[in-house]
Amino acid sequence: MNNDEIRVSLLKRSRASKNERWGKLISGACITIIIGVVVSIFYFVASKGLATFFEDKVNLWKFLTGTVWNPSAKDAQGNPQLGALPMIVGSFSVTFLAAIIATPFAIGAAVFMTEISPRLGKKVLQPVIELLVGIPSVVYGFIGLSVVVPFVRHLFGGSGFGILSGTFVLFVMILPTVTSMTVDALNAVPRAYREASLALGATRWQTIYKVVLRASISGIITAVVFGMSRAFGEALAVQMVIGNAMLLPQNLISPASTLTSVLTMGMGNSVMGSLSNNALWSLALLLLIMPLIFNILIRWIGKKGAMRS
Amino acid sequence: MKTYDSNDRYIKELDDGKREIALSTDDIHVSYGIHEAIHGVSLAFERYKITALIGASGSGKSTYLRSLNRMNDNISGTKVTGKIMYRGIDVNGDDVDVYEMRKHIGMVFQQPNPFAKSIYDNITFALKRHGEKNKKVLDEIVETTLKQAGLWNQVKDDLHQSALALSGGQAQRLCIARAIAMKPDILLLDEPAAVLDPISTATLEETLMELKEHYTIIIVTHNMQQAGRISDYTAFFHLGDALEYDETRKIFTRPKIQATEDYVSGHFG
Amino acid sequence: MTPRKWDKVATVVLYMISIFIIFVLAFLLLYILITGLPHVSWHFITGKSSSFQAGGGIGVQLFNSIYLLVLAMIISVPLSLGAGIWLSEYAPKNWVTSLIRNAIEILSSLPSVVVGLFGFLVFSIQMNFGFSILSGALALTVFNLPLLTRKVEDSLQAIHYTQREAGYALGLSRWETVIHVVVPAALPGIITGMILGMGRIFGEAAALIYTAGQSSPPLDFSNWNPLYIASPLNPMRSAETLAVHIWKINSEGIIPDATQVSAASSAVLVLFVLLLNFLARYVGNRLYAHLTGVKERN
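Chains as they are written, first to last, in my numbering: chain A, 70 to 378; chain B, -6 to 262; chain C, 90 to 387.
Keep in mind that the hints were calculated from the coordinates and are not lab data.
Distance condition first, Cα-Cα at most 25 Å in a straight line; then the derived DMTMM-like pairs of lysine to aspartate or glutamate: (1) Lys110/B / Asp150/B; (2) Lys81/A / Asp66/B; (3) Lys129/B / Asp178/B; (4) Lys5/B / Asp19/B; (5) Lys176/B / Asp132/B; (6) Lys81/A / Asp90/B; (7) Lys11/B / Asp73/A; (8) Lys81/A / Glu125/B; (9) Lys87/A / Asp114/B; (10) Lys176/B / Asp151/B; (11) Lys5/B / Asp255/B; (12) Lys81/A / Asp83/B; (13) Lys110/B / Glu89/A; (14) Lys87/A / Asp90/B; (15) Lys126/B / Asp90/B; (16) Lys87/A / Glu178/C; (17) Lys42/B / Asp8/B; (18) Lys87/A / Asp88/B; (19) Lys81/A / Glu254/C; (20) Lys176/B / Glu74/A; (21) Lys42/B / Asp73/A; (22) Lys140/B / Asp225/B; (23) Lys87/A / Asp83/B; (24) Lys42/B / Glu203/B.
Which residues of chain A face chain C? A few of them, derived with a C-beta cut under 10 Å, are: (25) Glu89; (26) Gly177; (27) Val180; (28) Ser186; (29) Phe211; (30) Gln308; (31) Leu332; (32) Met334.
Some chain B residues near chain A, calculated using beta-carbon distances under 10 Å: (33) Tyr79; (34) Ile82; (35) Gly86; (36) Asp88; (37) Val89; (38) Asp90; (39) Val91; (40) Tyr92.
Predicted, not measured: the structure shown is a model, and the values here were computed from it. For each residue, glycine too, the CB sits at the ideal point set by N, CA and C.
Next comes chain A alone, as it looks inside the complex (with noise of 0.2 Å):
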């Protein structure tokens, strides 16, 4: 190439950036529309949850407090009845029944890995791990379904239905999670620590208590909160043992529901638009909350950890 041409080619506009340019159009073009689908679930979801209060006049301190959840009957002042305590109680108990038995096996397990035995752990334990994740939900619904409802009622009398079975059920499906994110939390912690600690002559337990357990608190909570988020939002194994009874728990094994079973059941008995149906949306967006708000507070604790560290 001469002079000229290489002056020519160099003022003209390449293959190389047109091909640039497309490029950033369809990426561009992809992380556009999955905001949009964020942003329509948001929209859909909330204005239809909202419907109940704004459209219906449905109190919302009601709505939240009261125990009677019958949306085609009204109340003795001809409000309907739509209280989504029994739901709102159903969800939380089964959530952090299920996280406070998961916490001391997840972190035992974790220990595990990598305090004591990190070859064990990374040849059998991971893949345990992994594989009980991998496990479908419906399969841990049907075996909860057909060996600890059974095994509860035998135990305890009653149905076996209830808050007790959905416990059992969910901590054996946010085990592995809460488990393998407080491993990653162990193995953030610094090796000088443990070095530190048992060259000044504890022992090995001592310095997992004193030392790695409590550098890593903030990034095991987080494991933690994240597994209730899991738990939360867990619909049809749930569903298939929880009992679905829309009554404020009297006790762990009486039937009971939560949000998520009220909706896997009700949604397809409803009419669009009516009162019963906007109701169910308006748990729906519940459910939608939920999980950002555990994100705040994961986002708040991994904040406060960074800061103390």
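For this one, chain A is given, so just place chains B and C on it according to the hints.
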């Protein structure tokens, strides 16, 4: 660290009509956000010669080199002002197609960075993208460039093996072959021997001496012996300024600036 | 007790917890396989399901699951690739990008039942797709996109910056460099993520019960024209998947052999997911070896 007067400089004017200039810069400034890393460097590079850029870490020699083919464009927040004249065109201008320009001003990096592809594809991949589809032509280019880079005899039977299995020195020579396959005018080398062992470095230097018959080479190096061995001109960088630019033998025997003398004699800092 | 004794006790407890977790997995798998496998036969895998009597199969459900899986992947793979590339290569470092990242993270943390309800509202009702394979595939895409996008972004980010510089220095555009250099190098990670995503989709039910529906129309397996109403490929027909089937027969409990059918269906489901898990590992390692000429990935 000793402070030197940055106004005390000697920049040899090569653009005197007697020599053919391949590339020249006029008052190049590079800044990252509010921090200015290069404070106005004007150098001219003679065709078919090797020019070495030397200086301590943080002197700005690599930053300057990377602005010559506008690699700094890809780092967000970086601004390069000034003129980079190549064949009568300011290639730092907005109207210049940066991709086209890089075909003429090639670059080899400090860390050997072969693609996760076969040796053959490493060399032909960009050519194919730029429109060269003829298998015979491509085969020929692979052979000539690998020979020029001094790698042919070692890999001619493994052309379709992964390039990631090559040793550091071999990988770096593959990167040189890949760069010259584009038939650039100018080859920029950013400390190409920094991670190589002495034997690989020696081979690389031989290769560069042969390549200067066809290419204008600008090389950043930490290694002053290397600069002395292979380069025709040397520019000494200090804190974002080019303080001295002259023929290499003059820089190493009779530098005109105190800072240069201290640096080449090892009394620097 | 002395610290040394505490150390011993703690170690024993930790071993017990680990053994417990292994035991839980073993129990789950054994229960499903022991109760389910005897029921699995060629007739069961290919046969029609029954509504009231015992002896039904899961042929249609299995087909639906696979068809939905394929459709959902066809939509979500290119989208997540594009989005992951944008996040990894083009995203400017500013508040808009961090907002976008947050939005994707929120999408990934939404319960699948919410995704299903959104799909029901938008795809089935607003867009008038009804209970159909198309609605289901779109809902699964929404469910799958954030994780795939994240995986693509992470895999691309793991490729060293010098690889990109090599491409730019040869006069290639950023897009060309990404598509032809970075994506191929990141392929082991991307493919592994995609296969694991397939496992998740295959077992998903909550997002499908109000989008793909809970029943299938009579199908004519001799007509593969997607426009024909009874064609298995017709994307506008409703489709009960295997996972939804397990949920439904357990919730309704009409058929007498619900437990066996569920166990057998679960066995098929779990075996499929296990298979995908192993496939993800195998393919990832093979691709890595192929790309790098290195035998084993650590």
